[in-house]
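Note that the protein sequences, when read in sequence, are chains H, S, B, A and D.
In my numbering, each number is its position in the first sequence, counted from 1, plus 48.
In my numbering, each number is its position in the second sequence, counted from 1, plus 12.
In my numbering, each number is its position in the third sequence, counted from 1, plus 885.
Mapping the fourth sequence onto my numbering, position 428 (from 1) lands on 426, and the numbers just tick up by one.
Mapping the fifth sequence onto my numbering, position 80 (from 1) lands on 76, and the numbers just tick up by one.
FYI, nobody ran anything at the bench for these hints, they're computed from the structure.
Be a bit skeptical, because a hint or two may be false.
Straight-line Cα separation of at most 30 Å, BS3-like style, residue types lysine-lysine; simulated pairs [what the hints assert, rightly or not]:
no. : chain 1 : residue 1 : chain 2 : residue 2
1   : H       : Lys487    : S       : Lys172
2   : H       : Lys420    : S       : Lys177
3   : H       : Lys205    : A       : Lys448
4   : A       : Lys441    : A       : Lys375
5   : S       : Lys449    : H       : Lys407
6   : H       : Lys156    : A       : Lys375
7   : S       : Lys177    : H       : Lys494
8   : S       : Lys449    : S       : Lys379
9   : H       : Lys210    : H       : Lys407
10  : S       : Lys582    : H       : Lys407
11  : H       : Lys156    : A       : Lys456
12  : S       : Lys42     : H       : Lys420
13  : H       : Lys210    : A       : Lys456
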Amino acid sequence: MIELIFSFIFVPFLGSIIIFLLPKTRSELYRPISIAISLITLTNSIYLLFSEYSKTEFNILYRFTWIKSYGLEINFGTSGMSALLIFLTALLIVLSLFSLNQLHAESKGFLGSFLALHFAINGVFVSGDLISLFIFFEAILIPMYFLMGIWGGENRKYATIKFIIYTVFGSIFIFIGTVYVAVISYSYNGKLAVDFETLGNLNLTLTQSKVLFLLFTFGFLVKVPIFPLHTWLPDAHVEAPTAGSIMLAGVLLKVGAFGILRVSIPFFTEGYLEYRSYIAILSVIGIIYGAVVAIAQEDIKKLIAYSSISHMGFVMLGISAGSLLSLEGAIIQIFNHGITAAALFMLVGFLYDRRHTRKISEFGGLKITMPKYAAIFLFTSFASIGLPGLNGFVGEFMILIGSYETFNLLSTIAALGVVLAAIYMLWAYQRIFTGSISKEENKVLKDLNLRELISIVPLLLLMLLIGVYPKLIESFVTQDAFAINSIIKFIIGMK
Amino acid sequence: MIKFFILLVIFLPLVTSSILFINKRIFNEKFTSFVTLNISLLTFLISVYIFVVFSLNNYEGFEFKLFQWIKLIDIQIGFSLNGLSGIMLLLITSLSLLIQLFSTSYMSEDKNYNSYFVFFNFFVFSMLFLVMSSNFLVMFIGWELVGLSSYLLISFWSEKTSAVKAGNKAFVINRIGDFGFLIGLMLIFNNFNTFEFNLIFSQISLKSESTLTLIAIFLLLGAFGKSAQFPLFSWLPDAMEGPTPASALIHAATMVTAGVFMLVRISPLLQYSEVANLIIISIGLFTALIAAFSAINQNDIKKVLAYSTISQLGFMFIAIGAGAYVAAIFHLVTHAFFKALLFLGAGSVIHAMHHEQDITKMGALKKQMPITATTMGIGTIAIAGIPPLAGFWSKDEILASVFSKGGVYYIFWGLALAAAFLTAFYMGRHWLLIFQKENNFDHTHVNESPKKMLIPLIILSVFSIFIGFINTPLFHGLEKVLYQSLEEVYVTHLPEGFTLIALALISIGIGFSGLISSYLIYSLAVHKKLDFQIAINFITFLKKLSLNVFYLNKIGNFIFVASLKNFTRKIAVVVDGLIIDGAVNLVADTFNKTSKLTSFSQTGQVRNYVMYFGLFLVLLIGLFIATPLVSP
Amino acid sequence: MTQKRRVQMLEVTTDWYLTLSAILFSIGFFGMMIRKNALIMFMCIELMLNAVNLTFIAASNHFGQIDGQIAVFFVLVVAAAEVVVGLAIIVSIFKKQVSASVDVLNISRG
Amino acid sequence: MTSISELIGLNFVVIGPTLTLLVTTLILLFSTISIRTSTVVKKYITLVGVFATLFAIFLKFGLFFSNGLSSYFSEKILLDEFSLFGNLLIGFVLIFTFIPFWKTSEMFSSKTTEAIILILMSASGFLLMVDSENFIMLFIGLEIGSISLYALSGLNRGDKLSNEASLKYFLLGSLASCILIYGVALLYVSLSITGVYETSIAISFIGTDNVPLTTLVGLIFLIVGLLFKVAAAPFQAWAPDVYQGAPTGYVGYMASVAKVSSFIVLARLSAVSLSLILDKFELFFSAIIILSVVLGSLFASNQTDLKRLLAYSGVIQSGFILAGISSGLNGISASLFYLTTYIVQLLGVFFVFSLISGHMSSDFSIEKLSGLFKDNKLLTISFSIFMLGIAGLPLTSGFVSKFILIANLWSYERYVIVVMLMLSTVAGFYFYLKPIWTASIQKSEILKIKIKISLVEKLVLLILSFLTIFLGLFPNGLINLTRWVIENYL
Amino acid sequence: MLEILLFFIPASLIIIGALIVVFAKNPVHNAMGLVLTLISLAIAYITLNAPFVAMVQMLVYAGAVMTLFLFVIMMIGVDKREQSTEKIKGQTYLVSGVFLILISLLVYVAINSKFKWSLWFPKVDYVVEGTPQLIAGLLFTGWILPFEIISLLLIVATAAAIALAYDSKKKSTDA
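Just chain H, with the same shape it has in the complex:
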C-alpha cells in the first residue's frame, strides 16, 4: 500500500525529471511520454479508489524520521477524501495534457513543470503531518510560478507576483501556526511532533485552539479564496495558460478547503466552533458577491473565475455548518466543482486557441459554426448552474439542506446564488453562441477536433454520472465527513 502512496509523489517527480532530460530534438515525444507517466498515476489512483483505504478516515501509513534531534517526522497517509482528490488531480492532469495546444505540447519546460505541479499537489493530499503539508503546499508555487510566468498572458508579471505574494502571505500564518503547535506538542511529549495522530491527542486550551484555528484557517482561506481575500484569483486565472487555470480552478483552490477539513476543524475544534459563524457569513457574501460580479464580466475567464469564488463559497458554507450532511456535501462539491470549472476553462482554452481573445463581445453566433462546441459548453454551463441530474446540483443541494439547521437564514440567502448562477452563465452563453455571426473571423472557426473531444468528453460523462448516481462518490467521503462531524459533536457535547 505504502508503495502506492509513494508512487503518487515520486512518479510525477521522476516524470518531470525525465521530461527535462529528453533531447531537444525529439519535441514530438514530450506529450506522449508525459501522458504515459500521468496515466500511471491515474491508474494507481483508480486502484487506490478501489482499495480499502479509500473507504476510511485518515490514517497514517508511513512514518519517516526527518530531524532526529528535534523529533520531527514526515508522515504519509491517506483517506477517502484524499483518494478522491488524488483521482481528480490525476484525471485533470491527463486530460489537460491532451488538451494542450501545439505550442505548449512541444515545450519541455511546460510539461516538466506541469508534472512537477502534479507531484506537489499529490504531496499535499497524502501528507500526514503539518510539516510535509506545508512543504508541499509551498512547493506548488514553484511550478505555478513558471507556468504562469513563462506561458502566461500580457499582464502576467503582475498577476504572478500577486499570486505568489498572496499565497506566501497566507502560508506564513500556517507556518507560524505549525511552529506554535510544534512547540506546544514539544511541551507535551518532548519532541516537535506535528503528525496528525499526535495533534489529535493534544489537549489544547481554549485560547490556544482559537489562535491556532485562526492562524491555520486564515492561511487556507487565502487559497480557497474567501470573499475579501479573493482578488488574486481573477488575475491569476486570466493570465495563466489554459492548463494552468484548469489546475488552478480544478485542484489548487481545493487545497485550501482540504486543509481546513484536514487540519483546522479536527484539531482546533473549539476555535472552529467559536469562529465558524463568521466564516459562514463571509462565504455567503462570497456566494452572492462572486455571482454578482461575474454577471458584469467582459472576459470569459474572469467570469468563470468569479463563478469559482461563488461555488467555493458553497463549499465553505457547508464546511462551516459542520453537520454531517453539509460536510459530505462540501467534499462532494469540492470534487464536482473541480470537474466543472476545469471543463469550462478547457473549453475557453479551445476557443482562445482559435481566436486568441477571450472578450465576450468578440464572439456571437458561434452555434452556427461550431455546434458541437456550443452543445458541450451549454451542457457544462448547466452543470455549473446546478441543474438536477448533473453533478453541480448534488453538492450544493446537500450543502444547502445540511447547513439549514445550523445557519437557517444564511443558507436561505445562499440559495439565491443558484438563481444568479443561471443569470450569468446563460447570459454569457447567449452573447457568445446565439444570434447571427457579427465578426468575420468567427465565420471560419473550426469545430472541435478529435483530440479536444477526447480531452473534454470524460469530464462530461463524469458530470452526468455523478449527477444521476451521486452514491458513486458519496461512499468515498462519508468516512471523513463522519470523523470530522463526530469530533464537532463531541466538543459541542463537552460544552
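Based on these hints, arrange chains S, B, A and D on the given structure of chain H.
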C-alpha cells in the same frame, strides 16, 4: 410488472431523444418522424394499459423505489402511481402523440428538424418524471428538467436573439420560482427528515400551522414561477417565440400546469394553512383578471392564447385556493385539450399565412381554411364555457365551489365571473378577427393546411367537446379517480340542487354575453354606430393599458434587467476593482514608496556612513542603559 | 584641613585618564565625521587608537599588570599595518582623481 | 618539573591550519617574486595548501577528541566546538573560493597571485580569530583578516567603483575595529580581564546584578565591532557599496568568511561570556534584529544591482542568525545551521555571478541576467535554487533553517521578533523572485556572448545546488553537528 | 601637586593636538598636531609607569608612522586645501549632536565605573614599572603566539600594499 411498464413509459421518450440525438447524421426526416411517432404511440398505449390496470384494482395507488440516490439521508429515486399521476400520464402521453403528429408536418422544412424532436421527447420524459414522482426530490429534479427543456424549445431558433432572450427569461424566472421550491425543500427536510410524500403527509398533523404555512408559501413561489402566476408570469407571453406546437404542449397543456399539479399533490399539507389558501386564491384571481384584460388588445395570434392560458391557470389556482382540488384538476384536463386545440389551430393558421402572426392582418379566412376555422371555433366556444362543451363543466364547477364557500368568497366569485366574461369576450374577438372580419387583404394564396395537421385538430376538437363529461354533477368520474390520492384532504363540494342550477345558468349567461358582445363590437362594429364620446378617452386608455399589460413588463425590465446590469457593473468596478483590490495594491505601493524613501539614506558618502555609525552606536547604548527602565 | 581635603580631592585617579581617553576618542570620531580629506580621517583613526592605548596603559597602571602595556604593543603594530594599507589605498585612488576628498566617492549608492 | 613550553601550552596542531596557510602563502610569495612560475604551478601549490589546511583542521578534531575543551598558548588559543565548527566552515569556504581561479587564472594571471595570497592570509587571520580565547588575540586575527579584505576589495584598480569600495571598507572597517578594541580596553579597565572565559568567571564572581556599566558598554562596543563585520543593520551601510565595487569573484569569499568568523565569535560570546547576563542584552539585540530585517527588506526591494541586493539580503540574514544567537543555546545551534546553509547559497550565487560577468568585474546589474535561460540552463536553474534557498522556500535548505530557527525563537517566546522575521520573509519573496524572473523568463534585448563553463565549474555548481537541496531534504546530519556544538554548554 | 601638573599639562597638550588634527586646514599642520598628541601621550605613559611603551610610541609612531604620513601628504600635495563648506545635508547638526552625546556618554561611563572599582578592584598600592625586562619576559612566554602572529600581520600589510599600489601591468594596458 406494472412497475416495469411505468418505468417504460417514463424512460421511452428519453430513449427516443437519445437515439435521435446520437445519430443526427444518419437519420433523415422520415426515419426521425417514424421513430418518434411510433415510440410515442407505444408510450400512449402503455399508459392506457397502465391506467386500465390501475382502474381495475379500483384506483389503488402504489409506489416503488428505483435506486438510492444519496445514502446518508436515504434519498430514493422513486415513482408512484395514483389517480393524479395517472390522469396526468394519460394527458401528457396523448397530447404529446397528437402534437408530434402535428409537428411532423409543421416543422418539416426546418433544418434542425431532428433536434426539435430530441428536445420535444426530452421534455415529455422530464414531464413524466415530474408527475410520476414519489418524493419531493424527484419532483424537483423533474421540475428543473422541465424548465431546461422549455428553455431549449423556446430558444430553438437560436439565430433569433429575441428567441434566446425569451428562453433565458423563462429559465431565470423559473429559477426564481425554484429558489422558493429549494428553500421549501430545505424546510421540509429539516422538519420531516425525509422527502417521501407519504411519510410527510402522515406526520403533518404533528407540525404547527406556522411551519406548514412557511413551507407552503415557499413551495407556492415555485408553483407561481412554473405556472406563470402574478409576479412571475411575464415569461409566458415571451415564450411564444418558440415553435407553435411546442407552445401548444408546453406553454398550454402540460408544463405550465405543473404548478397546479404540485399544489394538488401537496394538498394534504396545503389544507392546513389558511394563509396559503388565501394567497393562492387572491393571486390566482388577480392573475386571471389581469391576463384576461391584457388579452383583449393583443394582436399576436399566439400572445392572445398565452394570456388566456395565464388567466385559465389563474382559474385553476382559484379552485385550489377554494379547496376544490378536483375542480382544479378537472379544469386542468379540459383546458389542456381545448388550449392545445387552439394553439394547434393557430399553428396551422400561421403555417398557412407563412409565419404571419398579426391577427389584424388576417380575417375572413374561414373560406380558405374551413376545417381550421371550425375546430378553432369549437375550441373558442369550449373555453368560453358554453355547454355542453368541456370548458363549461370545469369552469362552472370552479365557480360553484368558490360560491359554496360563502363569506368573502362571494366577492371572489363575482370577480371570477368577470374574468370568465372577459375570457369569452377576447376569445370571441380572437376568432372573429382571424376568420370572420372582412378586410381588404387578399388571402387567395392562403389555403388549408395538410392532413397531418388537420387530423390532430379534429381529434382534439372531439375531445374538447366531450371530455367535460368525465366529471359532471351527475357523474363524478374524476372524483372517483382522485379519491384515493385526496383521501385525507377536505375537498370543497358543490352546492346541491337549485343553487347549482342557478350558478350554472349565470355562468352560461356570462359566457354567451361575452361572445355576443365581442360579436357586436368586432364583427358588426356597433360601437362605431352608437358613439359615446364621453367614454372614448377612457376606452383608449384602457386599450393602451391592456396592450401593455399594465406596463408590468416595462417596469420589470427596468428593475430587473437594466438596473441589474448597471448595479453589477458598479460592483465589479468600484467594490472589487477599487476598494478590495485597491487596498491590496495600496499596501504594495506603500511598501515600494517607503523603500524608495529609505534608499535615499544610502547616499554613498562615507562620512555619512560614519555618522550613521556613531548615531546608532549612541542610540543603542542609550537604549541599553535604558533597558532596565523599559523592560520590567 | 581644607587644603588636605583639596589635595584629597585633587588626587589623580585612573578616572581622569579614562576621561581623557574618552574625550580623545570622541574627538577622533568627531574628526572622522567632519573631515573630507581621507588622509585626515585616517589621522583621526590614529587618534582613536591612541585613546585606546591610553586606556590600556591607565588600566595596567591601575591593576599593576603588564598585560595592558603589551596590549598596547599589538594595537600599535596594528595601527602601523593599517597605516600602510590605508596610505596605499589613498595613493592608488589619488592616482585616478587628483584629490584625497572622500566626498567625490559616491558612485555606488542607493 | 614541567618545561616552559608545557607551562605555556605550546601546541602546533591547534594553530596547524593557520601555519599551513602561512607556509603556502610564503611559498607562493617567493615563487612569484623570485622565479617566474607559471600560473598552473601556483594553482597547484594553492590547492595543495588548501587541502593541507583541511587536513590540519581534521587533526584539530583529533586533538579535541583526545584533550576535550582546552586552551593553549596560556589562554590565547581555545580549542572548543565553536572553533572547530568555525574552522570547518572556513575550510569549506576556502575550497569553494579557489575553484573560480580555474577559469580566471589565464586572464588575470598578474592579479591572481596577490589575490590568492590575500585570500589565504585573511583565511588564516579569521581562523585565528575563531580560535582566539583572548580578545586581543581576536583583534589581531580580525585585523589580519580585514586588512587583506580591504586590499581584496580594491584589487580591481582599473575600476573607480573598486577603489571607492576599498576606501569605504577600509575607513569604516578600521573605525569598527577601533570601536572593538576600545570595547576590549573598557572591558580590561573594568574587570582587568581580556578573555572569553575570564569574563564569564569575573561576572559570576561579582554577581550579575552589579556588573559595572563600563563592562557592559565595553561588551557592547566589542559586539558592535563584530556586528559591523556581519553587516547587521544599522551598521550595514558599507556592505552594499563594497559588494558592488569589489571584484565579483571575491565577494562571495569576503562576505561569507567575515560572516562566519564573526558569527562564530558572537555565538561563543553569547554562549560563554554573556550566558549569565544575556537578558540584559535582549532589548539591544532585538533592536538590531528588527532594524536588520526591516531596513534590509526595505532597501533590498528596489535594487537594480544584484550584488547590492545580495548585500541587503545578507543584512536580513544577519538579522535572522542574530535572532537565534541572541536568544540562547538552542537558538545558537539553530543559527549555526542557518549560517551554514546561508553560506552555501551565498557562495553559489556569487559563483554564478562571477561566471556570468567575468571574475574581476565590479557592478552586476539585473539586466545581465535577462535571457539567461536561453543561454545556459544549468546556470539559471542553480541560480534559481540558490535564490529560492535564500528566500526560504520549502525543499531547499533555507526552509529547514528558517523553520528550526523560528521554532526555537517561539519556544523562547520572542513573538515580536518572529512576526518581524516572517514579514520580512514575505517581502523577501517579492525581491528574490524578481531576478529569477529576469533570468528564467524575461527575453534579453541585447545579445551577449555565450557563457562557456568548464567541467570543474559545472561540478561546483552542481555540488552547491545539490547541497542546497540535500540540506533541505535530509538536514539531520548537519543539525546533529550543530547540536553537538552546543551540547556541552547546556 | 606635581602629579596633577604631570596629568594636566600632557592632557591639555593631547587635547590641543587632537583639536589641531581635527580642525587645521593644512594637512601638514594636522600631521604636526598628531605628532604633538603622540608625544604628549608618550609623556603621559611615562607618568603611568610605562616608560618602554613610551619609547616605542616615540619611535614607531612619531617616527615611522608620521614619516609615512608626511611622505604621502607631500605626494598628494599640500597646496590643495579641501573646501570647508559642508555639502551633505543635515550632516553638521547630526555630527555635533552625535559628538556631544558620545563624549558625554563615554565620560559618564568612565566616571561611573569608579565606585565599582573601589568595591571590587581597588587601585593597587604598589607600582609595576613597565621595564623592557618585564615586558620581554611576558612577550616571550604568555604572549608568544600573538607576538609571532604580528609578523603575519605585517606580511599581510606588505602584500596588501603591493597588491594595491604596485602596477607595472596597468601602464601596458593603458598604452
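Fill in: Straight-line alpha-carbon gap lysine 487(H) to lysine 172(S), limit 30 Å
Cα-Cα ~17 Å, so holds.
Worksheet item: Taken at face value, is the distance from the CA of lysine 448(A) to the CA of lysine 205(H) at most 30 Å?
Response: Holds: lysine 205(H) and lysine 448(A) sit about 27 Å apart, inside 30 Å.
Fill in: lysine 210(H) paired with lysine 407(H) [C-alpha distance capped at 30 Å]
23 Å, holds
Worksheet entry | Proposed proximity, lysine 456(A) with lysine 156(H) (alpha carbon, max 30 Å) | 22 Å, holds
Practice prompt. Assess, step by step, whether the Cα of lysine 449(S) is no farther than 30 Å from the Cα of lysine 379(S), and give holds or violated.
Written response: 12 Å, holds
Practice prompt. Sort out whether lysine 177(S) lies within 30 Å of lysine 420(H), counting only the CA atoms.
Written response: The hint holds at about 21 Å.
Worksheet item: For the pair supplied as a hint, lysine 449(S) and lysine 407(H), is the alpha-carbon distance within the 30 Å limit?
Response: Outside the cut-off at roughly 53 Å; violated.
Worksheet item: Taken at face value, is the distance from the CA of lysine 420(H) to the CA of lysine 42(S) at most 30 Å?
Response: Since the Cα atoms of lysine 42(S) and lysine 420(H) sit roughly 24 Å apart, the hinted pair holds (cutoff 30 Å).
Item to complete: Measure nothing beyond the straight line between the CA atoms of lysine 177(S) and lysine 494(H); if it is 30 Å or shorter, mark the hint as holding.
Response: Holds. Lysine 177(S) to lysine 494(H) sits at ~26 Å (cutoff 30 Å).
Worksheet entry | Restraint status (C-alpha distance of lysine 582(S) to lysine 407(H) at most 30 Å) | Answer holds: lysine 582(S) to lysine 407(H) is near 19 Å, not above 30 Å.
Worksheet item: Do the alpha carbons of lysine 441(A) and lysine 375(A) lie within 30 Å of each other, as the hint requires?
Response: Since the Cα atoms of lysine 441(A) and lysine 375(A) sit roughly 14 Å apart, the hinted pair holds (cutoff 30 Å).
Discussion item. Holds or violated: lysine 210(H) and lysine 456(A), Cα atoms, limit 30 Å.
Written reply: 34 Å, violated
The structure does not agree with the numbered hints 5, 13 stated previously, though it agrees with the rest.
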